[in-house]
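Residues 0 to 109 in numbering that gives the first Met the number 0 are what the first sequence spells out, letter by letter.
There could be a bad hint or two in this list.
Pairwise CB distance ranges, derived in the manner of DEER restraints [to be verified]:
{"no.": "1", "residue 1": "D3", "residue 2": "E87", "range": "30 to 40 Å"}
{"no.": "2", "residue 1": "M0", "residue 2": "A85", "range": "32 to 42 Å"}
{"no.": "3", "residue 1": "R58", "residue 2": "A10", "range": "17 to 27 Å"}
Keep in mind that the hints were calculated from the coordinates and are not lab data.
Keep in mind that this is a model prediction, so the values were computed, not measured.
The beta-carbon is built from N, C-alpha and C at its ideal position, and this holds for glycine as well.
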Amino acid sequence: MDPDARDRIIAAVRAVPRGQVAGYGEIARRAGLPGRARLVARVLGDAGDRALPWFRIVRSDGRIAFPPAHALHAEQATRLRREGVAVEGGRVRMARRAVQIDEAVWGPRA
DNA sequence: AATTTGACCCGTC
DNA sequence: AGACGGGCCAAAT
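Build out the structure end to end from the sequences listed, making use of the hints.
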């Protein structure tokens with residue numbers, strides 16, 4: 000795969016601030032790769048841990064991508080809660096709504 | 001070389 | 001809320 004694209008994805012993931020979450024597709028867009036959410040997932044997998052805030056990346060509907068049985072599912076929820084993100088039923092609360100409200104008040108672009 | 005497999009997404013019904 | 005079809009595509013079978 001294109002190593003340049005990989006680097007841009009990594010950068011976009013790193014750019015997600017503490018206490019916030021972003022969707023795979025969102026990251027892809029921010030990396031200049033619209034429609035390539037799956038590539039983001041793949042890059043994250045290959046990257047292993049690599050000190051990346053991988054746990055801040057969730058599905059577009061707010062659900063954690065890993066199946067509940069998977070060990071990483073619990074780990075992701077734990078690490079998110081540690082940053083103050085509310086996770087219920089394997090799903091993130093607030094984040095998307097909060098972001099939209101911010102945009103409504105302050106205008107687009109953050 | 002062909003098919004299946006994913007840490008996915010979106011519009012539509 | 002869920003289902004369905006189509007898009008996406010590198011790796012692993």
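Outcome of the hint check:
Between D3 and E87 the Cβ separation comes to about 38 Å, which falls inside the hinted range of 30 to 40 Å. About 35 Å separates the C-beta atoms of M0 and A85, a value consistent with the hinted range of 32 to 42 Å. Separation of R58 from A10 is about 21 Å and conforms to the stated range, judged on CB atoms against 17 to 27 Å.
Figure legend: structure checked against the earlier numbered hints; every hint is met.
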